[in-house]
Structure formats: structure tokens, C-alpha cells
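2 protein chains.
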Amino acid sequence: MSEKASVIFPKMALIGIGLIGSSIARAARKHGLVEQIVCSARTHDTRRVAQELKLVDQAFEQAIDAVKDADLVILCTPLGTYSKLAEEIAPHLKKGALLTDVGSVKQMVVDAIEPHIPDGVDFVAAHPVAGSEKSGPAAGYADLFRNRWLIITPSAKSTDAAIDKLSRFWSEMGSNVERMDPAHHDLVLAITSHVPHLIAYNIVGTADELSEVTRSEVIKYSAGGFRDFTRIAASDPTMWRDVFLNNKDAVLEMLGRFTEDLTALQRAIRRDDGDTLFEVFTRTRAIRRQIIDAGQETAEPDFGRAATHEDE
Amino acid sequence: MSEKASVIFPKMALIGIGLIGSSIARAARKHGLVEQIVCSARTHDTRRVAQELKLVDQAFEQAIDAVKDADLVILCTPLGTYSKLAEEIAPHLKKGALLTDVGSVKQMVVDAIEPHIPDGVDFVAAHPVAGSEKSGPAAGYADLFRNRWLIITPSAKSTDAAIDKLSRFWSEMGSNVERMDPAHHDLVLAITSHVPHLIAYNIVGTADELSEVTRSEVIKYSAGGFRDFTRIAASDPTMWRDVFLNNKDAVLEMLGRFTEDLTALQRAIRRDDGDTLFEVFTRTRAIRRQIIDAGQETAEPDFGRAATHEDE
Numbered sequence: 000m001s002e003k004a005s006v007i008f009p010k011m012a013l014i015g016i017g018l019i020g021s022s023i024a025r026a027a028r029k030h031g032l033v034e035q036i037v038c039s040a041r042t043h044d045t046r047r048v049a050q051e052l053k054l055v056d057q058a059f060e061q062a063i064d065a066v067k068d069a070d071l072v073i074l075c076t077p078l079g080t081y082s083k084l085a086e087e088i089a090p091h092l093k094k095g096a097l098l099t100d101v102g103s104v105k106q107m108v109v110d111a112i113e114p115h116i117p118d119g120v121d122f123v124a125a126h127p128v129a130g131s132e133k134s135g136p137a138a139g140y141a142d143l144f145r146n147r148w149l150i151i152t153p154s155a156k157s158t159d160a161a162i163d164k165l166s167r168f169w170s171e172m173g174s175n176v177e178r179m180d181p182a183h184h185d186l187v188l189a190i191t192s193h194v195p196h197l198i199a200y201n202i203v204g205t206a207d208e209l210s211e212v213t214r215s216e217v218i219k220y221s222a223g224g225f226r227d228f229t230r231i232a233a234s235d236p237t238m239w240r241d242v243f244l245n246n247k248d249a250v251l252e253m254l255g256r257f258t259e260d261l262t263a264l265q266r267a268i269r270r271d272d273g274d275t276l277f278e279v280f281t282r283t284r285a286i287r288r289q290i291i292d293a294g295q296e297t298a299e300p301d302f303g304r305a306a307t308h309e310d311e
Numbered sequence: 000m001s002e003k004a005s006v007i008f009p010k011m012a013l014i015g016i017g018l019i020g021s022s023i024a025r026a027a028r029k030h031g032l033v034e035q036i037v038c039s040a041r042t043h044d045t046r047r048v049a050q051e052l053k054l055v056d057q058a059f060e061q062a063i064d065a066v067k068d069a070d071l072v073i074l075c076t077p078l079g080t081y082s083k084l085a086e087e088i089a090p091h092l093k094k095g096a097l098l099t100d101v102g103s104v105k106q107m108v109v110d111a112i113e114p115h116i117p118d119g120v121d122f123v124a125a126h127p128v129a130g131s132e133k134s135g136p137a138a139g140y141a142d143l144f145r146n147r148w149l150i151i152t153p154s155a156k157s158t159d160a161a162i163d164k165l166s167r168f169w170s171e172m173g174s175n176v177e178r179m180d181p182a183h184h185d186l187v188l189a190i191t192s193h194v195p196h197l198i199a200y201n202i203v204g205t206a207d208e209l210s211e212v213t214r215s216e217v218i219k220y221s222a223g224g225f226r227d228f229t230r231i232a233a234s235d236p237t238m239w240r241d242v243f244l245n246n247k248d249a250v251l252e253m254l255g256r257f258t259e260d261l262t263a264l265q266r267a268i269r270r271d272d273g274d275t276l277f278e279v280f281t282r283t284r285a286i287r288r289q290i291i292d293a294g295q296e297t298a299e300p301d302f303g304r305a306a307t308h309e310d311e
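First to last, the sequence lines map onto chains H and X.
Just so we're aligned, residue 0 is where the first sequence starts under numbering that gives the first Met the number 0, counting upward by one.
Just so we're aligned, residue 0 is where the second sequence starts under numbering that gives the first Met the number 0, counting upward by one.
One or more of the hints may lead you astray.
Note: identical chains are not told apart, hence a pair may lie in one copy or across any two.
Computed list of lysine-lysine pairs in BS3-like fashion (alpha-carbon distance at most 27 Å, straight line) [stated by the list, open to error]:
{"#": "1", "residue 1": "LYS164", "residue 2": "LYS133"}
{"#": "2", "residue 1": "LYS247", "residue 2": "LYS83"}
{"#": "3", "residue 1": "LYS219", "residue 2": "LYS164"}
{"#": "4", "residue 1": "LYS29", "residue 2": "LYS247"}
{"#": "5", "residue 1": "LYS94", "residue 2": "LYS133"}
Since the hints were made in silico from the structure, they are not lab data.
Can you build the whole structure from these sequences, using the hints too?
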């Protein structure tokens, strides 16, 4: 990745500018990949923040105003908005424009968007596997995609030239680019991201509703493990609602397996079957080592956070 | 907490010296709370490391040799060893000695140990709510207990004087000391620690056994959420097997509620009930804020780890 890459897309339009959209704005600017950045955002507040932080040259309320003359249009809004947005902006896309997205589900995105794509416009669905529990334009940062994966899921309206151009754009921002079939992407992400989020939301919800254990006790003693789950359970509710509604089959499939396995562990506990517990707990240990070795996680104990919050 | 506290227990014996035992050795030495530290450990390797790191003055194979003349004896071994250990060391404890432990379950500890306590010896069960996914004597550090809770669960053999002395010992090491009924402790920890560990072990186990998604895909795309779970699923298997076997009732109770709630979310996904999902996801967001405000978690996005592993 170079700080002085040449411009790939003269004008970039971000439809929505939250954590991901604003990080793209910062990274694309930092690496000199675009000349002009515009965005659209529904709320006045978001547009104001985007302009105050100089993330964009212009901020519009309407997506159709943002996409005008844009070479690259990126949908950075919750999945539930895609279909309507695609229909709305399609007639306003410039000939030769590339339309892409950053959604966490891909088959549905292809199905929702492709029918609206006019001739002469390229469509390439993509998903940066990066993020944090913070949301909004002020939460983004230019290095969010560095050393993270960017998955491109080509479909009928994706030309090779467009795929290559978009791959170069993300590579310059620090991502490692992979291609995958949309349906397979959704299965992989169901287990590596969607179900983990669902069970994190769920355990935090369960803890919140107990009567025998007070909320203040849950908070006080959260360092025993619970607090790890609260991080992803603090993620954007709208985005995640839409992920589950739009990746229903894969999520239900993976959730079914999770529940089966959990029932087996529950049975082992009830029957005092220590050997089964020990076997599972030993097997799982190895996977973390491999994730660290793959550069996808810090090797520091406790995520290295011990150092950062001792004195809070 | 002061660096120059006076000695509280002239001779301290640690039965077992893994992450917790070795952290106590470091912290007690750092704060001048003991004069002499001895330990017992089953394996030659652990004894060698404990001596090489100068964690102890002497390391024994047998617990009965370590407890001789000790003023403070701390059980730092897995819960499954407690009953036999207590029976074994009881006749060798000095008059006036204080026996305590660091186990993550408390009712079972009281039940297993108290019958063996001879007259003239104090027993005070305790649990430092601190740890990391690393284990072994080299993994410990002196600040592990700083700003973490230490829960004392007094029982019939706990005199007020012994409770006060032990509280002072832990306070000097930086802990915030609380008292709790043993059974209530077990319920609180079931939801804040034990069930979170079980579901983390479980999701990692589920991901490891899929055939449609390869292990290498799980590892590559783990930054989408999964990797958070691998941290606690890398915790010591023996310790955790014993936690589940010894806090069976509370764990099964809390697990039952978790599963009920998860079934409700599953149903909401199947029925496209976005409102239910949104409501739960919004409620859970508030809890993280409170944990951060209580000083039990870092406010940094992504646990602050982004900064530490970018270049791995």
C-alpha cells in the first residue's frame, strides 16, 4: 500500500456515512485514490458532522443528488435500504460508473440490486470484514481496513475490469482482497460473524432480565468473561437487525448447529461428564493460536486491554 | 494501595502456582505483604519455572511440605483437587494459620473444605474476579488484581479477624473487596463468567466442526466477531471443566434462560420480526456503557487492540 497511489475514481459518492462510510472517506483521501468525495445522509446531524470533519466535499440529503457524475458509488447504509435505494439511484448513475456496497450479507444484495442496474453501469458487491462497536461518522478511521479482508462476490453485472478496479481501490486502503460466491460468503459470515453477534446480544439480554442477580452485580463482576460479549452487543442495532433479516437461512442453519452442540455440553454438565467438557475445551484452544498466527488478532493477554483501562 | 505496606503474613504457601498463584506471589512481594513465599506444584517443570523466575523461596512437590509453618495458605489449583488437598494438608496446618482459596465457585468449596478444618485454623473462601486466557506461572503479573473485585464468601469457620486480615491482604494488592453469600456468588458468577465461557467454548467448537466452511475460512474472517470468543475459549481446560462440574445447578439454571431467550430471537428471525430484534439489540447497548463507566472495561473501540496487532 502506498501513500502516493494515483487516482482510481475521480469522484466518489458515499450513500450513508457512518463508521464504514467515513472510514472509506478517510482512507481513500489518505491514499490519494479519489479527487472528490460527496455523500448523502438522511439526517442533518450526520451531514453536518461529515462536513465539519472535512470527510466530504459536499453532503446531500438525497442519494440521487450524490450519485450525479460519480465514478464510484458505495452503498454504506443498512441492508434494509438497498433495494429501494438501488431503484431510486439507478436512472441517475453515469455511464461507466461502478456501483458497489459494504453490506455484511451478499446473496440478498445481489438479488436486490442487480435487477435495477442499467446497461453501461457495473455492479460489484463487496464486504470489508472490519468494523468496531462504535457507529457514526466520527467513529471512523483511515486504518480500519488495514490488514483486514475485503470479500468481493462477483455477479452477472460485474465485469472483470470493474472487479480489478475495485480490488485495487481496496488493496490501496490496506485490505487483502478475496473473491467468493455470494451464497458461500453468507454461510462463512453466518458462523464467523452473524451467529457470534446474535449470541452476544442474547447473553447480554439474558443477564439484563434476571431478578436474582442485579444489574449492578452483572456490571461489577463482568470482568469474569461477560464484558467480552458486551462489546459486540453494543454494535449498531439497525445494521444488525437487517443482517439477520437478510441472511435468515444461513443464520438459522448455523444457529441450529450451535444449539445442538450447546445441548450436548449441557448434557455433559448434568451428567458430570468431565471428559467431554475437557475434550471440547482443549480443542478450542488451538484455534485462537491460529487466528493470532494469521495476523487477525493480537497475542496480548486480555486483548492487551489491561494496559489501557487500569486507571479508569 | 501502598508500595510499603507492612507484612501481613510472614510465611505464605501457594498450593499450585499457575496464572493466579504466580500473580499473587508477584503482587504480595511487590507490596511487601509477606516475608517468605513457598509453593507446591505437581510437575517438575512448574517448580523449575517458579524458582527460575524467583517467584518463591522454595518449591515443593507435596502440599504438606509447603504448608508447614505457613501463616497463609492459598489453594490455587483446579477446584476438583480441593477436597482431597484439604483433607491431606489439614493435620499439617499451623495453629493460627489462615486457609483460603481462589476458586471460581464458592458453595462447593465451603462444603468440600470446612469439614476438614481443625480447631485453631481459620478458613475464608475467596475469589479474585480477574484472569486472562493465558495459564502457567510465567503468565502471571503483579497488577492482575488491580481495580478488580475480590469476593469473600464467609462461612462457619471464618472469624471476623481472619476475614479482616485477608481483606487487607487483597486490598493491598489493589483489589476491591466485597463479601457475599457463597450460593449467591455462584449464581452471579454463573451469568457473568461461567455461561459466557461455556457459550464461547461452544461457538468455537461448532465452527471447528463445519464441513461447508473450512477452518482456514473461519480463521481468515474471524475479525467479524468470532475472534472475540476465541479469547475466553482459550482458557485453561482443566480449570473450566472443574468450574462446570462444581457449579452445576447455577450454570444449568442460567443456561436454561439463555437458551429460552435465544429461541425467542431465533423465532423472531424466522418470522421476519425486525421489531423484536431491534428492541433487544438496543437494550443491550446500554449495558456496555455502564461497564465502562464502572471502570471494568476499556472505552477504546475494539478493546483498543487495533493499535497492537496492525503489523503482526
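- Query: For which of the previously enumerated hints does the structure constitute a violation, in increasing order of number?
  - Reply: Going through the list in order, the structure violates hints 1, 4 and 5 and respects the others.
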